[in-house]
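From first to last, the protein sequence lines are chains F and V.
If you number the first sequence the way our numbering does, the last residue is 637 and the count never jumps.
If you number the second sequence the way our numbering does, the last residue is 637 and the count never jumps.
To be clear, the hints were calculated from the coordinates, so they are not data collected in a lab.
Note that CB positions come from ideal geometry on N, CA and C, so glycine has one too.
Certain hints may be false.
Stated by the list, open to error - To give an idea of the interface, some chain F residues facing chain V are shown, with a C-beta separation under 7 Å as derived from the structure:
hint: 1; residue: 356
hint: 2; residue: 363
hint: 3; residue: 365
hint: 4; residue: 411
hint: 5; residue: 447
hint: 6; residue: 480
hint: 7; residue: 508
hint: 8; residue: 509
hint: 9; residue: 517
hint: 10; residue: 553
hint: 11; residue: 556
There are 2 protein chains.
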Amino acid sequence: MEKNNNRAEISRAQLLRTLENGETKVFRKRFLDMHFYDQAQFYLSLDEAQRQKLYRVLNPHEMGDFFDTIEDDLPQMSDLLREMAPQYAADLLNDMFDDNAADILEHLPKEDVNRYLSLMSKPDAIELRKLLHYDTETAGGIMTTDFVSLSADLSVGQALAELKREAAEAETIYYVYLVDADQLLVGVITLRDLIVNDNHTKLADVMTVNVITTSVHDEQADVAQKIRDYNFIALPVVDDDQKLVGIITVDDAIEVIDDEASSDYSGLAGVDVDDVSENPFKSASKRLPWLITLLFLGMSTATLINHYESLLSEASILAVFISLITGTAGNAGTQSLAVAVRRLALGNDKKPRLFKLVFGEILTGVVTGVITGLTVMVIVGIWKQNLMLGLTIGLAMAAAITVANLAGSLIPMLMDKLGFDPAVASGPFITTLSDLTSVLIYFSIAQLFIRAFIG
Amino acid sequence: MEKNNNRAEISRAQLLRTLENGETKVFRKRFLDMHFYDQAQFYLSLDEAQRQKLYRVLNPHEMGDFFDTIEDDLPQMSDLLREMAPQYAADLLNDMFDDNAADILEHLPKEDVNRYLSLMSKPDAIELRKLLHYDTETAGGIMTTDFVSLSADLSVGQALAELKREAAEAETIYYVYLVDADQLLVGVITLRDLIVNDNHTKLADVMTVNVITTSVHDEQADVAQKIRDYNFIALPVVDDDQKLVGIITVDDAIEVIDDEASSDYSGLAGVDVDDVSENPFKSASKRLPWLITLLFLGMSTATLINHYESLLSEASILAVFISLITGTAGNAGTQSLAVAVRRLALGNDKKPRLFKLVFGEILTGVVTGVITGLTVMVIVGIWKQNLMLGLTIGLAMAAAITVANLAGSLIPMLMDKLGFDPAVASGPFITTLSDLTSVLIYFSIAQLFIRAFIG
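Next comes chain F alone, as it looks inside the complex (with noise of 0.2 Å):
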């Protein structure tokens, strides 16, 4: 791995060599043989001047063919669009497919996108402006109108003659989907399907007709994890009435994917973990917010036990046990939240029912409760030789447990109910908030019980 490295720094350094001495053809030939992705990383590498070389020896197709494969950074690319002359940009944007286009476009302002339309050919200006239409979280959000429709009347050789001319401007080729007159989807038909049978077959013999369709309106991880559950390479979208819109591909389904489990990820560790900025100071800046509010929650907790002062005074062997009942509370609470955002996050149709779950982590809770408790008024006992005092570590425990168990499930749930992300609800602030909860359980128990074990 290492050596390949060296190798590819090395041929990037070349390649960069032939842009800067204005070695357009040479540069050109090395350049265009390249992989779309491999291009994409090489234009990322560069500085703005080295970029303005770039836009002078590249035309705006053979940028936007690279230009679709960029995924990320999506605001940073828009800085890129405004180096470049309007019209050149506008031209790259047209060439681009549509969705991709459509991603970028969100993350200008409201002029500049004006602009680049109006610089656009016409249809195609009409299109990007549907799309920016939608939700972008949304099936529509999401979708490319770059497919291929065609009549089911055809037969297999007019279809493929058909690929033939449309092929350039078609995101995939390998799905063909049926319409009818008004639109309306009426089979799919796979290239392999089109290569397997003869030419004078109708299309409407060898056609799926139940189509596995999405509507507009889904949210994108719905819609992604359809194709993964189907393994297919497109799925089509349709509107309100049934018609033929859209169709979402299988690259676009991952980066769904990755980005859901990303945020997923991010929300657990109270954290956006997709900035990876190297920055340290950029990084502390992302970072105190959550830190700070966290820390005026955890002083309501210091609030509190502060409010306890003379029952620690006298008996200051309860703040040995503060640290070991909210931790291990919080290690519960955690665990419970993972679990219910990642229930919470499975399709529609899998999703356990809310009653069923909260009664299922009630339960899991005190068993988990229980036995750590058990075990924990066992070593106590032992240790200060001081059963009294085991036994309201120990219930303590178990009650917190049970307790963070319980918010760590219910917290996300009232959220997905309310509309919100369920993964919003942090594993920092859902152990911040079962610091309180132990501590005011914890310091109730010892209250009834101080005379037993302090005798």
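We have chain F already, so just place chain V on it with the hints.
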């Protein structure tokens, strides 16, 4: 969605009735008309008696079609195989794509594997044995040998004719790999290219020669990332002699991406979130080992606090801030852990250098620590009207956060260097460890300053 679910439920019940009543013809027509994924879902919803009926009305080939779409619960799948007649099971495995068949066989005892392989056609058994040889989490372990490779000397028309013959056996025909007499990969051509070009064109003239490949030994996560980066439908796998031995398709890449994401997520939470068993006792038994292990680690924190009992009885106010300091440092450690694990999950060529990461995290820790420390110093100073107490708490907080940040990034990095999966360093482990260091820091600083704040 609700409505659709109900409708699907009703049609499922009707379909089941035709199976139960022995209306074989009606059942077969309706069942075989469904998508393979839906067939699999129906099959997985049956009890054993119903499944036995299904085995009688479907042949192994028809079973194999939908068995290919089942990707979860492989251990359970092997139980399903065992309830079939051995020859039926062998024929089913024979009919599946060989990567999927190998995934199932990996979960069977050796004698079962040998029996099924002996009942299969010889060439298939040999291919499967080869696949079983590779590590499960490498390219070799997830690849299929059901791909199409042709000689580059053919013309487009000849290639299309060849594809037509091989289509039934291959997992994808959208990429055709071109090899020389020694099976060395010399180029690739997409079905799209074949359709667009004229029949008499030589493949050698239109193929892509810079083929992106992966080695059989590459880690599955890196392979999946490559497929994602390049938007491939399949990626060719070569052995140590650069011979083409298999391909990995995009649907397998999606499974890998999702598995890796969910194992990172599980690691952060300290619980296997993919075990969505709805039995609360089972869930509890899965979570308890972690909780009890961490309880013992937490006991060392309690012992440490116990060690400082005389300090605590002298200044019981110190107990008020234990959970604030451990909690906040734990939150910071979780953030840092999540970022480190995520960065380490990036492909080998995108990983930041160890030194840079550690230095960055120390700096991030110091900045967040100082700012959070200052905040808590001011709050405590005002609340308790005791500047020196505020300073003690603030200093302890700053130091505890810095150390927690360092641990959160160093531990996963060390695990990665030592060849372990960094995601195993779970969030609960880091917070519990950070409790210990935070308490140590807190009481050490408090001991130094005690004369100043209790005056």
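Taking the hints in turn, this is what the structure says about them:
no., hint, result
1, 356, "holds (6 Å)"
2, 363, "violated (26 Å)"
3, 365, "violated (22 Å)"
4, 411, "holds (5 Å)"
5, 447, "holds (5 Å)"
6, 480, "holds (5 Å)"
7, 508, "holds (5 Å)"
8, 509, "holds (5 Å)"
9, 517, "holds (4 Å)"
10, 553, "holds (6 Å)"
11, 556, "violated (11 Å)"
In summary, the structure is inconsistent with hints 2, 3 and 11 from the numbered list given earlier, while agreeing with the others.
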